[in-house]
Structures are given as structure tokens and as C-alpha cells.
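Heads up: the sequence shown is residues 8 to 191, going by my numbering.
It is worth saying that the hints were derived from the structure and are not from the lab.
Check each hint, because a few of them may be wrong.
Here are the computed lysine-lysine pairs in the DSSO-like style, where the Cα-Cα straight-line distance is at most 27 Å [to be verified]: (1) 139 / 63; (2) 152 / 63; (3) 54 / 29; (4) 54 / 152; (5) 139 / 28; (6) 29 / 191; (7) 139 / 54; (8) 191 / 27.
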Amino acid sequence: MGMVSRSAEIEALEAEILEKKKELAELRRAHRERVEDFVLETPEGSKRISELFGDKDELVVVHNMGRGCNHCSLWADGFRGFTQHFLTRAGFVLVSADPIDRLMETAERRGWNFPLAADADGAFRRAMNMDKDGDPWPGISAFVKEGGEIYRYGYAYLGEGDDFCSIWHVWDLFPTGWNDWSPK
């Protein structure tokens, strides 16, 4: 197979994947669920979800498993560069299963520059279906304030190769792919 036909095959597959991603995004946005205004612990004290929106009507929540998950730290490290961009449109917060003091230690050590909150008792995580067999599970949720209520429209789980952590896609460009690579 020549380079041109291989490139055409790759471009066609990329276009097909893009269309499927658009279809998936539409499905995720099509359903909204009303969400309780949970109280979480932040470095500034207890705050309700509604307060984490700041002056915006949209809120991005990253559901993080805590310090014990190297993959969760990798995803959070990646959001450092996006924080300033997120905040031009929406509130942004990383919600961890760790207690707030441990979360703050991790954030300082890793240089995280975004808002933090702890869901140490797991009530918010469980309500958002971000657990498996009682253990935290990583993900992202998109919340919207409408008429004084909070709704979650879209959410996705995080995992190797997802669309929220670009490093996996970079490794895919190499002949060996991920090559059993894992974050440290």
C-alpha cells in the first residue's frame, strides 16, 4: 500500500471517528438530570456546588480518585494548561475522594493551579455514578444552572485512551503504541 492510499485511508477513518464523536456528544447532551446542591470541602471551607460555578452558568467537574491513582494525577496535570481557558466560559473544579488536607498537599506538590474540592464521604461521587463497586471512579461532568436549579447534562468516564488526556494519542503515533507505558 502506497503512502497516498494509506493517508487517504487514515483521513477517511479520522472523518468517520469525528462523526461518531459528534453523535456521541449529541447523545450525552440530550439528557439532563437535576442535581442536589451538594456541600463539598474546599481550601476556603465548605461550599455548595452552586457556589463553585462562580459567576458562570456552566461548571466543569473533574471527578478524581485521589492520590493513590497515578492516572488521575496524570489527567489533573493535563488540566493545568487548560484551566485559564475553561474559566473564560465555565467554572472548573477538581473533586477528589481524598480529604481536603491531603488533596491540597497533592495539588501543591504537583503544581495544580485550579479550584479544588473534597468529597471524602463519597456522597456526591455516588450520586453522580462515579464509582464502581463502592470505589471512586474518574470522570468529567458538565453542569448547568437553569432557573435556580443545577442540572448535569453530559459526563464521561476517564480511562486509558480517552479523549481527555492527549498523551495516549501521542503514544499511538509511535510504532510501539503505548508500549505498556504507565504514569508515575
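Now the hints, each set against the structure:
no.: 1; hint: 139 / 63; result: violated (31 Å)
no.: 2; hint: 152 / 63; result: holds (9 Å)
no.: 3; hint: 54 / 29; result: violated (34 Å)
no.: 4; hint: 54 / 152; result: holds (16 Å)
no.: 5; hint: 139 / 28; result: holds (25 Å)
no.: 6; hint: 29 / 191; result: violated (33 Å)
no.: 7; hint: 139 / 54; result: holds (26 Å)
no.: 8; hint: 191 / 27; result: violated (32 Å)
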